[in-house]
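There are 2 protein chains.
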Amino acid sequence: MANFFDGSPTHEPSSGNAFARNPIDRRSEERGETSIPTAFADPAARLYLFIGDKAVLKDGSSDPLFPVDAAEALNLRHETLILLGWAATGPRLAATIPDETPLEVRGLRAIDLRALAVEGLVPPEHLGPLAQGRSLSYWHARHGFCSVCGQPSVMKSGGYRRDCPSCKAEHFPRTDPVVIMLAVDGERCLLGRQSRFPPGMYSCLAGFVEPGETIEDAVRRETFEEAGIRLGRVRYHSSQPWPFPASLMIGCHGEALNRDIVPDERELEDCRWFERAEVKAILAGTETIKAPPPIAIANRLIRNWVDAV
Amino acid sequence: MANFFDGSPTHEPSSGNAFARNPIDRRSEERGETSIPTAFADPAARLYLFIGDKAVLKDGSSDPLFPVDAAEALNLRHETLILLGWAATGPRLAATIPDETPLEVRGLRAIDLRALAVEGLVPPEHLGPLAQGRSLSYWHARHGFCSVCGQPSVMKSGGYRRDCPSCKAEHFPRTDPVVIMLAVDGERCLLGRQSRFPPGMYSCLAGFVEPGETIEDAVRRETFEEAGIRLGRVRYHSSQPWPFPASLMIGCHGEALNRDIVPDERELEDCRWFERAEVKAILAGTETIKAPPPIAIANRLIRNWVDAV
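First to last, the sequence lines map onto chains A and B.
Mind the numbering: the first sequence is residues 4 to 312 in our numbering, read in order.
Mind the numbering: the second sequence is residues 4 to 312 in our numbering, read in order.
Fair warning: there could be bad hints in the mix.
A pair counts as met if it fits within one copy or between any two copies, since identical chains are not told apart.
Distance condition first, Cα-Cα at most 30 Å in a straight line; then the derived DSSO-like pairs of lysine-lysine [claimed, not checked]:
1. Lys57 to Lys171
2. Lys283 to Lys61
3. Lys293 to Lys283
4. Lys171 to Lys159
5. Lys171 to Lys283
6. Lys293 to Lys57
Think of the hints as simulated: they come from the structure by calculation, not from any bench.
Build out the structure end to end from the sequences listed, making use of the hints.
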C-alpha cells in the first residue's frame, strides 16, 4: 500500500528559508506568571538583546547571546523581558536595552535583522529566535494600551499575552499572514519592482491575507489587483517567519491564465514577464536586474521554478 | 516538457471549505476615504447586517442581504459601516444594528455564523462575505482605542484601517494564522477531544502560529505539546477563513514518528489513535464518537486521509 506522505519532500522547503531555523523549545502550554523570573534566575539563562528594533551584537563575535550579568550591566529594561523558551543548554530570553546606551565604547553594535541575515553574521539557528524576539518585542512596544478601552495593559504569560486590568480584555501577539507568489506562464514568470526596492531589483508580488479569504484566493486577488493577471491553480511552496515586524510569509506558485499585464502604478514601478533563461542569469548575478537576496522567500520561489522541469 | 503545475489538483482543496467561497471583488487598492459613502449611496448597494457577533436573517428567506432602506429602518449604526467590495450586481457592505433591536416583531432573527453554516441557511457564496464582515466588525468593536497611546482611533480606508489622530499610528485588521493538523501513523490517525466539544466529538489538534516559526514547525510544536507525538513530514492541504473571530485555518497532514501519546490534560480531555475503518464509520455517523461537522476544515482533513490510498 502506498504511503500517504509519498510525494512529500523529505527535505522540507520551509526549513531552507532564512529565520525558519528555530531550535528553541517553546513549551507554550507551561507559560505562566513565574516563567520569566524563574528563567531569568537560572544561571544557564542567555539573552538576545535589542535596542529599538535592532539586535545587539558583540564586535568580532558571531554569538548573539548575552549572559544575565552582561545584560544587567547594559541596564536591560526588565519590563521588556520575554521568555522565548529553552535551548538544550538553558532558557533563552529577549529584552530591550535603553535607546541611549553607548554601544561602541562597550564593543557592541546595533544591527537590523535583515542585514544580520544577509551578511550571515550569526549561525542560522539564531535567526529564528531573533525573529521570535523581535516580533514579540515590537508587539509589546506597540501594545501598552488596551485597544478595547484605552487603559494601560500589562504583560502576562511569559510575554505571550497582555491583560487589561480595567476591562479584563486579553490580547495576544499578532502574526500577520502575507501571501507572496510567483506567477508562472509556461517558460516565463512575473516579477515586479516597487520604488522602495534597491536599484535594479525585481521580486515576487505579495500582500496581506485579508479577513474572509483563503490563502489561494489572497494569492489570486493580489496578483490580479497588482498586475491584472488572473491565476488558476495555486500551489503552496513554503512559509517563513519574517520579523518586519511580525509576518508569516506564505510562498506560493500560481498558474497564469492571461498575459497582458495591467500594473497598479501606486504599488509597482514596473512589472514584467521574464524568460526562464533570463531569470537564471539574474539569479547568477550577471545582469543589471537583480534578484531578491537569498534570505527572501521570493528568491527561493524563483529558484524553485527555475530549477524545476 | 512537463507543466510546472502537474500534480496540483485542478479542484483546489481550499475551495471546498466552508466560508471559502467569496465572490466579492475587494478592489483593495482603491479603498479611500469616500469608499463607504459612495458605495452606500449606490442604489445597487446591499448590506450584510450583524447584531453583536451574530448575523441577521429574514424569517423564511435564504437571502441574507438587506437593501439600504431596510437597513436604515433597523437603525444601522453608521459608524460600523464597512465596505466589503463589489458583487456582480453592486457594492456589498456590512454593518451592525443596535443590540436592543426587537427582531422577532420584524420577522428577523439573529444567528451565529457557525449554526448558519452548519444548517445551510444561506447559499454558500454568502458565507465568505459574512465571514469577512464578521471578522472586520469584531476587529473594529475591539479596537476603538489606539494600542500605542490609549487615545480613541478612527476608522479609515473603507474599514480596513484605523488611524490614531493623537500619535498618528496606523492599525490594520488582524487575521490570526492557526495550524490544524491530522497526525497520521500508517493506518491510524490521531484525534483529540476538548472538554468544550459537543458530547462524543473528536477532532484534529490545532493551535495558533507563533511569532518566529514556520507553518510546519507550528504543526510539529502543537502536536508535540498537546499529544507528545513527534511529526516528520508535514504536508499542507488547504486553508479556510474562520470568523471566530478572525482566524485563517491552515490545514495540514503530518507523519507521526512515535506512537505513545502523552496528552496535555489542560488542553485535551482525551486523545487517541483511531484506525482508518473506525474513522470511516465515525464519518458515516454510525458511531457514538462523532466527527467534526463538514463545515470544519478538520472534517475535510480527516476525510481526505480516509479516502486516500
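| query | What label fits lysine 57 with lysine 171 when the C-alpha limit is 30 Å: within, between, both, or neither? | reply | between (32 Å within a copy, 22 Å between copies)
| Between the shortest in-copy and the shortest cross-copy C-alpha distance, which are at most 30 Å for lysine 171 and lysine 159: within, between, both, or neither? | Both, since 12 Å and 27 Å are each at most 30 Å.
| field | 30 Å Cα threshold - placement of lysine 283 relative to lysine 293 | value | So lysine 293 and lysine 283 pass the 30 Å test inside one copy only (11 Å; across, 52 Å).
| query | How do lysine 171 and lysine 283 come out at 30 Å by Cα distance, when the copy is not named: within, between, both, or neither? | reply | Neither way: lysine 171 and lysine 283 sit 55 Å apart in one copy and 44 Å across, limit 30 Å.
| message | For lysine 293 and lysine 57, with the copy left unspecified, which applies at a CA distance of at most 30 Å: within, between, both, or neither? | response | within (26 Å within a copy, 50 Å between copies)
| task | Could you figure out if lysine 283 and lysine 61 sit no more than 30 Å apart (CA to CA) within one copy, between two copies, both or neither? | result | neither (37 Å within a copy, 58 Å between copies)
Violation of the numbered hints given earlier is confined to hints 2 and 5; the remaining hints are satisfied by the structure.
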